Amino acid sequence: MRLDVVLRVTTKFILAPLLLFALYVQFHGDYGPGGGFQAGVIAAAAIILYGLINGLAAARRIVPDAVLERLIPAGVLIYALVGVAGMFTGENFLGYNHLAHDAVHGQEWGVFLVEAGVFVTVFSSMVGIFYAFAGRRRA
Amino acid sequence: MTISAEFLEPIITLVLLLLLAVIAFGIVRVRGLFAVVIMLGAYSFLMATLFIVLDAVDVAMTEASVGAGISTVLFLGALYLTDVKEATGRARRLAPMLVAVVTAGVLIWGLSDLPEFGSADQPIHTKGADYLDRSIPETGIQNVVSSVLASYRGFDTLGETAVVFTAAIGVLALFARRRSDGKG
Numbered sequence: 001m002r003l004d005v006v007l008r009v010t011t012k013f014i015l016a017p018l019l020l021f022a023l024y025v026q027f028h029g030d031y032g033p034g035g036g037f038q039a040g041v042i043a044a045a046a047i048i049l050y051g052l053i054n055g056l057a058a059a060r061r062i063v064p065d066a067v068l069e070r071l072i073p074a075g076v077l078i079y080a081l082v083g084v085a086g087m088f089t090g091e092n093f094l095g096y097n098h099l100a101h102d103a104v105h106g107q108e109w110g111v112f113l114v115e116a117g118v119f120v121t122v123f124s125s126m127v128g129i130f131y132a133f134a135g136r137r138r139a
Numbered sequence: 001m002t003i004s005a006e007f008l009e010p011i012i013t014l015v016l017l018l019l020l021a022v023i024a025f026g027i028v029r030v031r032g033l034f035a036v037v038i039m040l041g042a043y044s045f046l047m048a049t050l051f052i053v054l055d056a057v058d059v060a061m062t063e064a065s066v067g068a069g070i071s072t073v074l075f076l077g078a079l080y081l082t083d084v085k086e087a088t089g090r091a092r093r094l095a096p097m098l099v100a101v102v103t104a105g106v107l108i109w110g111l112s113d114l115p116e117f118g119s120a121d122q123p124i125h126t127k128g129a130d131y132l133d134r135s136i137p138e139t140g141i142q143n144v145v146s147s148v149l150a151s152y153r154g155f156d157t158l159g160e161t162a163v164v165f166t167a168a169i170g171v172l173a174l175f176a177r178r179r180s181d182g183k184g
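Chains A and B supply the protein sequences, listed in that same order. The first sequence begins at 1 in UniProt numbering and counts up by one. The second sequence begins at 1 in UniProt numbering and counts up by one.
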């Protein structure tokens, strides 16, 4: 695979737009299709593509296992903490209305943070599962 | 000459469904698993196209990226670890046939209770929460799918995130034996 010039060059060209598209899907989810889940999968696909072409060791240098194992629960924690923060402002669990100076801004903050949590967990889960498969030796 | 959308849409849907059926048949019949994995990817892309025709763009995006993208890579990884040829099992044709026929019969029977396709006067459209009207004044979010997912139904999405988390730690616990071996 290392000698396949077409694949390597194409990957190099496509990686940056892929990550940019993931960010677009993440932050434009309020106005168009997409959101944390889709963006997380697309960003994970970029890392997986890099790992497929340059080898697992190279991908592990960008996103090490230790980082992944912290990110997987971190996303769920971010999500749940936003819910708890809503409770501290006198709302229900996951009620965003009092997170900012008015209800609409509170909702926007809440949705933004919650989507970020979804992104973190989905991204790290997908990459982690790929590492687990790819890192295993053939029996 | 222009062709009206009302005329074109059923034809596109029919063609996509036909292709789906052809690919599903191919997936069942072909023994080479490499070809099957690629066909599964094609199946997902056709499904995503069908979702777009049905105006479910968010679902289409998920289907294309997960079904055709990540799943294909994971299937190929599994093939690398096992074998690329499907094992020919012993011939037990009758019992699976029976299960398939009964399941299909029950599904078709249940289909008769569904509302007519695209009918607007169903309870879900008339009596449900009016998210379409509420989304912009209450949350300022124009994509109602996003506001329902992350705000109105935020608790469900927390559950979904927890499911992804559980799946990930499940796979990691199964696969990452080497490290625990090293510790003793």
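Derived from the structure by calculation, the hints contain no laboratory data. Since the structure is predicted, the reported quantities are computational estimates derived from the model, not experimental observations. Treat the hints with care, as some may be off.
To be verified - Negatives, chain B to chain A, calculated, CB over 12 Å: (1) 16; (2) 24; (3) 42; (4) 43; (5) 49; (6) 58; (7) 60; (8) 62; (9) 66; (10) 73; (11) 106; (12) 114; (13) 122; (14) 132; (15) 152; (16) 163.
Stated by the list, open to error - The following label-pair restraints were derived from C-beta to C-beta distances: (17) A:10 <-> B:25: 41 to 47 Å; (18) A:55 <-> B:25: 34 to 40 Å; (19) A:55 <-> B:84: 36 to 42 Å; (20) A:31 <-> B:15: 28 to 34 Å.
Even glycine gets a Cβ: it sits at the ideal position worked out from N, Cα and C.
Item to check | Enumerated hints in conflict with the structure, sorted upward | outcome: The structure conflicts with hints 6, 7, 8, 9, 10, 15, 16, 17 and 19, although it agrees with all the remaining ones.
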